[in-house]
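*Asks:* Residues per chain, in single letters:
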Amino acid sequence: MTEQGEDHRSGKQDGARARTLRRTLWGAGIAVAATAALIAVTVPRGASAQGDNATAGATSTAAPGSSGAGTGPVTENAAPQGPQTGIGPLTEAEVDRAKSIALQEGTPRSFRTAAGKQGAEYLDADLVDDPAATAGTPRRVEVLFYDYGHDQLVKKTVNLGTGAVERTDTATGVQPPPSGDETRQAAALLIKDPLGQGLRTDFTAATKGQTLTSPDQLRLRGLSFNTGEQSAPAGLDKCGANRCVRLFTQVKNGPWIDTTDYVIDLSDHTVGRIN
Amino acid sequence: MTHILNARRALGAASALLLLPALFTGAMTSSAAAAPDAAPDAAPDAARCGTARPITKTLPSGTRWTMCWRISGTKGLVLEKIAYQPKKEPKPVTVLASAALAQVNVPYDSGEVEYNDLSDIGFGNTAVDISPSECPGGAISSVYIPQQELNVKALCVTTAPHGYAYRSDDYDAHGNPKKYTAQGSDLVVFSVSQLGWYEYVTQWNFSDDGTITAKVGATGDLSPNDYSGEGTGWPIGKGDHDRATSHYHSVFWRLDFALDGSSKAKVEQYDTAKAGLGTGSAILKTTRTAVTKELAATSALRRWWRVVSTAGKNTDQHPRSWELVQQHSDHYDAHAYTSKDVYFTQYRACEQLASGNSDPACAGRGTSVDRWTNGETLTHPVMWVNVGFHHIPRDEDQTPMPMHWQGFQLAPRDVTAMSPLTPDALAGNNGQAH
Ligand SMILES: [Cu+2]
Chain A
997 MTEQGEDHRS
1007 GKQDGARART
1017 LRRTLWGAGI
1027 AVAATAALIA
1037 VTVPRGASAQ
1047 GDNATAGATS
1057 TAAPGSSGAG
1067 TGPVTENAAP
1077 QGPQTGIGPL
1087 TEAEVDRAKS
1097 IALQEGTPRS
1107 FRTAAGKQGA
1117 EYLDADLVDD
1127 PAATAGTPRR
1137 VEVLFYDYGH
1147 DQLVKKTVNL
1157 GTGAVERTDT
1167 ATGVQPPPSG
1177 DETRQAAALL
1187 IKDPLGQGLR
1197 TDFTAATKGQ
1207 TLTSPDQLRL
1217 RGLSFNTGEQ
1227 SAPAGLDKCG
1237 ANRCVRLFTQ
1247 VKNGPWIDTT
1257 DYVIDLSDHT
1267 VGRIN
Chain B
59 MTHILNARRA
69 LGAASALLLL
79 PALFTGAMTS
89 SAAAAPDAAP
99 DAAPDAARCG
109 TARPITKTLP
119 SGTRWTMCWR
129 ISGTKGLVLE
139 KIAYQPKKEP
149 KPVTVLASAA
159 LAQVNVPYDS
169 GEVEYNDLSD
179 IGFGNTAVDI
189 SPSECPGGAI
199 SSVYIPQQEL
209 NVKALCVTTA
219 PHGYAYRSDD
229 YDAHGNPKKY
239 TAQGSDLVVF
249 SVSQLGWYEY
259 VTQWNFSDDG
269 TITAKVGATG
279 DLSPNDYSGE
289 GTGWPIGKGD
299 HDRATSHYHS
309 VFWRLDFALD
319 GSSKAKVEQY
329 DTAKAGLGTG
339 SAILKTTRTA
349 VTKELAATSA
359 LRRWWRVVST
369 AGKNTDQHPR
379 SWELVQQHSD
389 HYDAHAYTSK
399 DVYFTQYRAC
409 EQLASGNSDP
419 ACAGRGTSVD
429 RWTNGETLTH
439 PVMWVNVGFH
449 HIPRDEDQTP
459 MPMHWQGFQL
469 APRDVTAMSP
479 LTPDALAGNN
489 GQAH
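Chains A and B, in that order, are what the protein sequence lines are. Each residue of the first sequence is one higher than the one before, counting from 997 in our numbering. Each residue of the second sequence is one higher than the one before, counting from 59 in our numbering.
So here's chain A without its partners, still in its complex pose (with noise of 0.2 Å):
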């Protein structure tokens, strides 16, 4: 947990220490692979929920003609929890009641998950866009999940005030971010795939020795690849009928590695090349 977002960069010795890594390994990366290079930048990291529950409001107590806005103590609002109504933050409790009232009802027998299991991956949930909510409507929530059997969006609203189902919605061709267990996948299909070489080398590079072998070694960020939605070589023209998904790849508590360039198709597991 960083106090100071400009702390991990300003460090002069961390500084002069991690643009020598950047130059040394860009060049491994290029050697190798051409592409995975190696990026002098750490990161804030960490999140948690703490602070009192006073109003959300600004709470600054300035005095007039003293040192101005901005000055005043900060006040902290813990995440709400639990069961809500009306119109703000879908809270975790609620996010696992959407889910669980989504799959209810249970997903037709071809359905299948990432890893191929019978079922549908679950993708994300948010609250439903309804400009005439009021503060004592029923929350209702979409959850999303992707049906690797049909390549498939599948998208559930439920209302959490009546534990149904109200709908839903499906569509091919369309991509949603990847959820944090696809990114992962992803990763790890990259790690053991050729075109996975440079990362590794690169990572091995960056940890003084280390061997590259699980996403958990990694902090990841996952984007998915849609050739509906912009250019790409003919290699990839079916991600976005497909399920595919790039990578910001950092070594965990370490530099960036470079690996936008890199598709890795989750629908048929294999991995392809932007540039």
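Keep in mind that a hint or two might mislead.
Said to hold, decoys possible - Over the 12 Å line for every Cβ pair with chain B, so calculated as not near, a few chain A residues:
1) ARG1105
2) ARG1108
3) LYS1113
4) PRO1190
5) THR1203
6) SER1210
7) GLY1218
8) ARG1242
9) GLY1250
10) SER1263
To be verified - Covered stretches of chain A, going by a simulated chain B footprint (3 or more residues, C-beta under 8 Å):
11) 1081 to 1092
12) 1121 to 1129
13) 1251 to 1262
None of these hints come from the bench; they were simulated from the model. None of these values were measured; they are calculated from a predicted model. C-beta: ideal position from N, C-alpha, C; glycine also.
With chain A fixed as given, assemble chain B with the ligand onto it according to the hints.
*Replies:* The following block gives chain B with the ligand in isolation, referenced to the frame of chain A:
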């Protein structure tokens, strides 16, 4: 050109003018004199958002803003039920049902890579902790982010001075010189998202004069892997070797209005053209075009739009409206959906992202705003504002990159009979003296 535009603004919404510098310099770090802060706001709006805590703030001049908030995985910060209550207004005036980002496209000039930051990654999915030093004098709120399976300190609510509200040398009732002047202040609401090496601040300023400023700030680091040739990059290292690739930050906002509590609103376009020469200057004529059907529109000299209430008037019996005040924008002309500057579409719940819109309930309708702008009658208009920034890196953009802002404003036009900041002694000066 700037002068002409400014002259037009000065007639109706002078406040917008004053805010322009703040938009691009970042009012948060201003060293202007203190805006005395009001005590934490209590009860009346407590139930407005249901069980959730609203954002409420009465600014020192008496203007009160209230809204609900949440974080969506894709859209990031979503503000809902935004209401404005000027000092003398008996009730809050609802402005927007929902206001949020609708896309951030980042295509690189090399033709090698493009990022769709909302639809492919998500601004909520990448929301990061805000520390106390980043939210001076404010309140930081944690929220559960489903995709991260974590609570993130994702929201900062604070206040900031924005300099002059007005200044006027005048005379009092006894003929003695009297200077009227005041400093303005903003309610500031923001979240931060980290997309690889880039970091984005999604910020909304709600000013005491009623102006709403939406802006996205990009900082963090230039892409460490995108270097390019002459014409597509700019040298940022020694000599002429390391040419960081130029790229776009093409940002969309989606605004769902609820003027005076009603989703039914009218959209109007105004154009001002030369109409001959008068005895002292050129004659400029302003014409209004009612926008009754969905519209994809391009900015032009002296062109602007407003969304007009069908449910509320000010005490002068003028319908309340909110005017889109555009800043400089270079729209990205390589995609159909970023080739226009503003779109008005009929509301549909499944139309949330300006491109890469993946909601299956919209299947068959296309996935971008240009496809939805197909001539439907506008009864519940949604405004999509497209602001493109073509970023040609400079030496100064290196680590960490100074924040660069892009955005727009919504300025009240005839929401109140005079400015809510008008000093009491001048409150009777409404209209031409008879
Ligand atoms: Cu940039």
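*Asks:* List, from low to high, the hint numbers that the structure doesn't satisfy.
*Replies:* Result: hints 7 and 8 break, sorted rising.
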